[in-house]
Amino acid sequence: MWTLLHKLASPPHFYALAARLTPWLGAAGLAAILYGTFAGLFLAPADYQQGDAFRIIYVHVPAAYLSMLGYVVMAVAAGIGLIWRMKLAHAVAASAAPLGAWFTFLALLTGSIWGRPMWGTWWEWGDPRLTSELILLFLYFGYLALRAAIDETARADRASAVLALVGLVNVPIIHFSVEWWSSLHQGPTLIREGGPAITGSMLWPLLANLGGFSLVFAALLIDRVRGEVLLRERRARWVRRLMYPEASETP
Amino acid sequence: MIETLSMGGYGAYVWTAYAATFVVLAVCAVQARRRHRRIVREIRIRLKAAETAK
Chain A
1 MWTLLHKLAS PPHFYALAAR LTPWLGAAGL AAILYGTFAG LFLAPADYQQ GDAFRIIYVH
61 VPAAYLSMLG YVVMAVAAGI GLIWRMKLAH AVAASAAPLG AWFTFLALLT GSIWGRPMWG
121 TWWEWGDPRL TSELILLFLY FGYLALRAAI DETARADRAS AVLALVGLVN VPIIHFSVEW
181 WSSLHQGPTL IREGGPAITG SMLWPLLANL GGFSLVFAAL LIDRVRGEVL LRERRARWVR
241 RLMYPEASET P
Chain W
1 MIETLSMGGY GAYVWTAYAA TFVVLAVCAV QARRRHRRIV REIRIRLKAA ETAK
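Taken in sequence, the protein lines are chains A and W.
The first sequence begins at 1 in the working numbering and counts up one residue at a time.
The second sequence begins at 1 in the working numbering and counts up one residue at a time.
For reference, chain A alone in the conformation it holds in the complex:
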């Protein structure tokens, strides 16, 4: 078990395995999104309060979910890298940040587009859910800016890991914000006491899109990690063999 894990975490094995894995992950994810989007737009019945505007839920909730999951992945990977000095973990953390930032932007954008017809406003300053999600975007930006400001990779890894871990406190705040404080935002639909508050024909497209977006996120993340591994290992012999096989073995 441990030897297998070690083998997987070794950069050359990861690089080769990931190349074979990502197309499948991406294709499966896209298939799920295709079904979820079609069913969400055309098969699910209109909401009795929100009419057809509620259909934005099928892209908004997966984006928001991954904006937070992406942060958890980033912070946990950064923590593992910090404690066990695992090179691959730091590469994962650094790769999750730009993706998480994009999904956070998407959650804010689709939420704003949904809020306009339902709440009568694109944005409400001081709303706890909206503000904590915006802080999430700034945490990602801070993380990326800090990394960009430090030339030496090992130092950038350590400093940004501390920032990622401190910012982790914001994730439960986002999730519980609609319960702790009064907010324009509606309460949780899926993860709540008493089970999901949504009927089957509306629920399945949402679950399909949640799964599909997660798979696509995983594929994008692994793809980014491959590049990151290559960059970090550029002086290693396996990279030289792979990238420039016609060169002589002993430099």
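Honestly, the hints are just simulated from the structure, not real lab data.
Listed below are several chain W residues computed to face chain A (Cβ distance under 10 Å; list not exhaustive):
1. Y13
2. F22
3. V27
4. H36
5. I39
6. E42
Quick look at which bits of chain A chain W covers, simulated, 3 or more residues with Cβ under 8 Å:
7. 44 to 56
8. 109 to 115
9. 221 to 227
Just so it is clear, CB atoms sit at the ideal spot from N, CA and C, and this is done for glycine as well.
Got chain A sorted already, so can you dock chain W onto it with the hints?
For chain W alone, kept in the frame of chain A given last:
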């Protein structure tokens, strides 16, 4: 058909949200691929330079 596309009057909001989603996914995919290609290219150039310098 037209009725479906109008989304009960919310068509502009619904379609914009979905379009934005797929644009962002496409941007993420293109960025990841481009970055990988750039890294490979830079490493190849460096290795070639080191080889010819010998």
